[in-house]
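Quick mapping for you: the protein sequence lines, in order, are chains A and B.
Just so we're aligned, residue 46 is where the first sequence starts under my numbering, counting upward by one.
Just so we're aligned, residue 46 is where the second sequence starts under my numbering, counting upward by one.
Worth flagging that the hints you see were computed from the coordinates, not collected in a lab.
Possibly wrong hints are sitting among the right ones.
Pairs involving identical chains hold if they fit within one copy or between any two copies, as the list cannot separate such chains.
[Stated by the list, open to error] Below 30 Å or equal to it, Euclidean Cα-Cα: the simulated DSS-like pairs (lysine-lysine) are:
1. Lys66 to Lys157
2. Lys157 to Lys50
3. Lys228 to Lys165
4. Lys58 to Lys165
5. Lys235 to Lys154
6. Lys127 to Lys228
7. Lys209 to Lys157
8. Lys228 to Lys88
9. Lys52 to Lys141
10. Lys58 to Lys94
11. Lys157 to Lys58
12. Lys58 to Lys214
13. Lys66 to Lys52
14. Lys141 to Lys154
15. Lys228 to Lys141
16. Lys147 to Lys94
17. Lys157 to Lys228
There are 2 protein chains.
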Amino acid sequence: MQLLKDKIRNEAKIIDNRIIKVDNFLNHQLDITLFNEIGKEFKRRFAGKEITKIVTIETSGIAIASIVAQYFDNVPVVFAKKHAGLNMNQDVFEAKVYSYTKEQEYSIKISKEFLRPNDKVLIIDDFLASGSALMGLINLLSQSSVEISGAGIVIEKTFQEGRKRILEKGIQLESLAIIDSIKDGQVIFK
Amino acid sequence: MQLLKDKIRNEAKIIDNRIIKVDNFLNHQLDITLFNEIGKEFKRRFAGKEITKIVTIETSGIAIASIVAQYFDNVPVVFAKKHAGLNMNQDVFEAKVYSYTKEQEYSIKISKEFLRPNDKVLIIDDFLASGSALMGLINLLSQSSVEISGAGIVIEKTFQEGRKRILEKGIQLESLAIIDSIKDGQVIFK
């Protein structure tokens, strides 16, 4: 997706030739116009797939998933909670995820009532790198009876082997910008 | 806003005649069709106001703010972070908030680069109860040079005195459903 690649080239901050910060449009300030283009592109890539629900992970996936849902007949969005409050229903599906940016393990939870047996789920998330968050979410969904129709990722960093782990599960994986490597502070796309 | 009140009456779970859980459409599963109607309503209530940015707070405000932004010429959304990662810029505006649902104090942060001197900010959030989160956000914004054009809240619980604290600041406050009290497990709107 050219618009997204241009945004990354022009606005991402590269730290230590390793970390890509896209706070300017994806993770802190949100570019709603871009998110709408992302929604159109995911609709194109998952055309013909039946989708009854979009599932994402707190926090950065929520805004994207919500805009994307508008291109899939406004299906409900459910986000896996990382920081469940005292009032959260205890009847949940749960999985463990290791965060490399926070250097700690955490649990993600979804109330069972929001994953129905006939649901066809499209997973949406902002980043795929180690694949840890996405694999955690897939593990969580596998405890329910939903069908996973696909996974749509905004930015994938292939050099961290996340893709392989997802494809082995037989899930259609679509990433809108795939970063092959970072050299001298420059992003090189696949 | 009738549609919202109906949703609350029909789908909210009332706990101890005190806590209103709207996980079904606002805080865990997200009703994107409803959010679009919320966007239209906020546009109507803040008609004529100049808005260059929408600011909200992690987590539940993010999806609503993103959909609402579409009714304000797709202005950027910035969310105050509760759970900043290791990579977050250290050059931030910061304020303290006490959470009654998590029973602890936390910091909210926004990178200074995303609050510009000429910004006219519309604050959007899901709940107004004690007013603690909203007052924290207003304090944070007051450290920058932005102008606060208004605050749009989806559900207000007036019995917790949040409104008074905001109005004293001279900020236009619009809540789409105002809950006067809860009796015998039933919500009574103002």
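Structure-based check of all given hints:
1. In the homo-oligomer, the alpha carbons of Lys66 and Lys157 lie at most 30 Å apart only across protomers (15 Å), although the nearest pairing inside one protomer, at 34 Å, exceeds that limit.
2. In this assembly of identical chains, the alpha carbons of Lys157 and Lys50 lie at most 30 Å apart only when taken from different copies (25 Å versus 37 Å within one copy).
3. In this assembly of identical chains, the alpha carbons of Lys228 and Lys165 never lie at most 30 Å apart, being 39 Å within a copy and 39 Å across copies at closest.
4. Taking CA atoms no more than 30 Å apart as the test, Lys58 paired with Lys165 passes between copies only; the shortest distance there is 26 Å, against 36 Å inside one copy.
5. Taking the closest pair of Cα atoms, Lys235 and Lys154 never come within 30 Å of each other, the shortest separation being 33 Å inside a single copy and 34 Å across copies.
6. Taking the shortest Cα distances, Lys127 and Lys228 never come within 30 Å of each other, neither inside one copy (33 Å) nor across copies (32 Å).
7. In this homomeric assembly, Lys209 and Lys157 come within 30 Å of each other (Cα to Cα) only inside a single copy, at 28 Å, whereas the closest approach across copies is 38 Å.
8. Taking the shortest alpha-carbon separations for Lys228 and Lys88, neither the intra-copy value of 32 Å nor the inter-copy value of 45 Å comes in at or below 30 Å.
9. Within a single copy, Lys52 and Lys141 get their C-alpha atoms no closer than 32 Å, and across copies no closer than 33 Å, so neither meets the 30 Å cut-off.
10. When the C-alpha separation of Lys58 and Lys94 is checked against a cutoff of 30 Å, the pair qualifies neither within a copy, at 35 Å, nor between copies, at 34 Å.
11. Only between protomers do Lys157 and Lys58 lie at most 30 Å apart by alpha-carbon distance; the minimum there is 16 Å, versus 39 Å within a single protomer.
12. Taking identical chains as interchangeable, the C-alpha atoms of Lys58 and Lys214 are never at most 30 Å apart, the minima being 32 Å within one chain and 37 Å between chains.
13. When the C-alpha separation of Lys66 and Lys52 is checked against a cutoff of 30 Å, the pair qualifies only within one copy, where the shortest distance is 12 Å, while the shortest distance between copies is 38 Å.
14. For a Cα distance limit of 30 Å, the shortest separation of Lys141 from Lys154 qualifies both inside one copy, at 9 Å, and across copies, at 26 Å.
15. Taking CA atoms no more than 30 Å apart as the test, Lys228 paired with Lys141 passes in neither setting, with 32 Å inside one copy and 39 Å between copies.
16. Within a single copy, Lys147 and Lys94 get their C-alpha atoms no closer than 35 Å, and across copies no closer than 39 Å, so neither meets the 30 Å cut-off.
17. Taking the closest pair of Cα atoms, Lys157 and Lys228 come within 30 Å of each other only across two copies (28 Å); inside a single copy the shortest separation is 44 Å, beyond that limit.
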